[in-house]
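S.K.: With these hints in hand, go ahead and build the complete structure from the sequences.
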Amino acid sequence: MLAYNTRVAAKSLRRHPLLTAIIVAGIALGIWASTTFTTVRHMFARDPLPGRSDRVFYIRMDNWDPAAPYPTDGRGKQKAIPPQITYRDSLELMRSQIPLRQTADYVTQTVVYPDRKISRPYTERVRLCFSDFFAMFNVPFQYGHGWDKRADANAEQVVVIDSATNQKLFGGANSVGKRIRIADREFTVIGVLAPWRPFIRMYDMTQNFVGEPEPIFLPFNLTPRMQLRPFGNVDGWQNIGPKYEDFLASDVDFVQYWVELRTPADAASYRRFIDDYVRQQKKSGRFPRPLNNSVLSMRDMMTEMGVVRPQLTAMAVMSILFLVICSMNLTGLLLGKFLARAPEVSVRRALGATRADIFLQHVIECELVGIAGGIIGMLLSIGTLRIIGKLISDTARMSLDLEMIGAAVLLSLVAGLLAGVYPAWRICTLQPAVQLK
Amino acid sequence: MEIGPITRALLRNKTRFALIVLQIAVTLAVVTNAVNMISAERKEMQKPSGFDDENILSVRSRPFSPEFDKQEYRIASAESDLRALRGIPGVVAVSNTNFLPWQGGGNSGEAKAAGGDGSSYRTQQYVVTPGILQTLGVKLVSGRDIRDADIDDDPASTHSTVMISRQLEKLLFKGKSAVGQEIDTAGGTNTVVGVFDPFYNPYGWPIHEYCIFYAGHVSRSGARFLVRVKPGSMKSVAPMVEQRLLATNDGRNVESKTISEIKDRYFTQGRIVIGAMAMVILLIVIVTGLGIVGMTSFSVTERTRQIGTRRALGATKPAIIRYFLMENWIITNSGLLLGIALAYGLNYVLVTRTAGVKLDWRFVAAGVALLWAQGIVATLAPATRAAAVSPVIATRTV
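Residue numbers (the working numbering), protein chains in the order written: chain A, 10 to 446; chain B, 18 to 415.
Quick caveat, the hints were computed from the structure, so don't treat them as lab data. What you are looking at is a predicted structure, and each value in this text was computed from that prediction instead of being measured. For glycine and all other residues, C-beta sits at the position ideal for the given N, C-alpha and C. One thing to keep in mind: the hints can contain errors.
Stated by the list, open to error - Short, incomplete list of chain B residues facing chain A, as computed with Cβ under 10 Å:
| # | residue |
| --- | --- |
| 1 | Glu272 |
| 2 | Thr275 |
| 3 | Val290 |
| 4 | Gly373 |
| 5 | Ala405 |
M.R.: Right under this line is the structure:
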């Protein structure tokens, strides 16, 4: 019966090609706008570490000026707490045995000296991190792997490079074991990343979070030996001496700290660990402000850092309202179309078709239109998203993921139903006798 | 006049008209809020920095030669770079500075007036060499500009010579002159020699107009410069920058970017919001307009016989057109009434849930006018067709 109804519905659509085209275009327009703008929002809002982001936590500790709290944007959403921690505290936190994985990391820039035949030396962004970084953020490797805990402990001169750097320096070949000069020393390539461009740079939300990951990763503990200074967000409130050692020992915040905790019980004991650490530091005169620490899951951190701009949500809401308008508009068209068919329907009713049959047939007709419009709308949306992605960043890719394709299909079906259910109801409740006279 | 019969006729076809009423209501709500969002974004974009944005180039030297490890060499190199940049035809002024307009952030720190009430305020802070005011194109409002003699590059020094922005002077010194006064910052004590205006550089915190310029060189992670050119000479100056700087020392890479490019990037998301909202407004007005055309056409077709009868009984063509316009006007107004409520409702949700901006009533007024106009335009064609119905129709039998 369903197949028959579908056939009748399709036939009815073919009979008025122009009207059908208008209706399909209406749905397509609505789906295009709503899919595009809900996807734009979704690209920012979606879980960057599916299934794990509620176990990955970001650590902040308030080591700010006793005279004034850490400044906020004044809109009241941000906590008055420095977004990063100090170098010295990050080394202390690394001693904890509670986390499954943990890493301190920060961004700097330094000079890469390729073989002079390949290119001039160039300045590159580099991330200093611990071995757990790669597993924690699902970083994909093409060749080799990240370094291990021993390399962390001994500050071994090993490097992980991204696929573009591997292309540039080694022509894309497996370069594991090859050597690169970075700043004033030689490094051995231990891993090469597969192309990796998360839309949100989830491991560092303190700066432009739609930026690309750094092309080079080095062990964090090389920091003092290489006398590296951070190149990202740096917050301080005290005057510090001119020497590099003064800088590392200071209360300047530039390190991001992430932990992965197995269970809520671990999370609770880790929170206690952080509080105890700060209390103990207070005894030596550090952390002069009232106890104010934060252990936030990655999702909560994204909310606090304002990763989803409010305008994106507003745009998504408006685009869905536009789809509603399109649907309502089609209701009018379909009403006219269906009622014009009253004589034909009455004949079918007289010949034994039930009201349910007639209703079903017309709803199916609307859903066919919805699906056709939905597919066209989605194709248009894929193109539009490409353009918007390009505008946001040269390398950012915006596209429909499975979740959004599902949402778009659902929206098309709902739009078709919304537009068609009333006209279908009207036609199936007509009195056949009146029409047959 | 005909309002009574028109309304009664409308009420016999409730659903069809309710659909249009709802569409108009949602359209008004979406259009007014979209315009409101566009206006909020544009307001941000149109705030002037106070600088000669179109004619400023940012230049960055990224050294890799070992001689740049020594501070004395870096400073001497920055000075020779300044001379080289000034020597390029078309260059008006140059400063060695870590200030970069429109990058969405910068450097900041706490500052308080020495001997003031003790409260400290967050302010933007940058290091500059003399010539910064001409480079940005801002005015000295009191005191004097910094000079080469004011520059102190000793990292252990706890005293600097500074200029501050007019707004920071107001904040710190409450209407008194800052010239000759001292300001305490994390780096030590600073003597204010001059006050400049205007200054606006959007920041993550509400400190967009507060700024301290310290006299000094910026060289540690590569020297950075702002270069102001004569209007129209950006195209000729930009390619010469790298060439001239590499001629003095090629143990480095040189990058440059115009402030216009940086500003464009800063407002990318805002432009996406504006483009998207403008498109939604356009589409929604078209779609609703087509809906009105469709509905009116449908009711004209449906009432051909009644129209013929009215014409036969003496109704003039304008009377028929008036009938449909009046019908539309009643529908539109019901829609608008509901729409105004919806518009404020939607705005309330946007303000409370997404930190939107409060709806400006003028946009609502404009939206009402727009939809009135749209109603008339969309009804006119079908109504004219109705007026063309011949009275003879009335005499025809089924």
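S.K.: Hint by hint, note whether the structure agrees.
M.R.: Now for the hints, and whether the structure bears them out:
Annotation: Glu272 (chain B) was flagged as interfacial toward chain A, and the flag holds, the nearest CB pair being 9 Å apart, inside 10 Å. Given hint, Thr275 (chain B) at the interface with chain A, is violated; its Cβ is 17 Å from that chain's nearest Cβ, farther than 10 Å. A cut of 10 Å between beta carbons decides the hint on Val290 (chain B): the least distance to chain A is about 5 Å, and the hint holds. Given the 10 Å rule on beta carbons, the hint for Gly373 (chain B) holds: about 6 Å separates it from the nearest Cβ of chain A.
Interface hint at Ala405 (chain B): violated, since its Cβ lies 21 Å from the closest Cβ of chain A, which is beyond the 10 Å cut-off.
When each numbered hint is compared with the structure, violations occur for hints 2 and 5.
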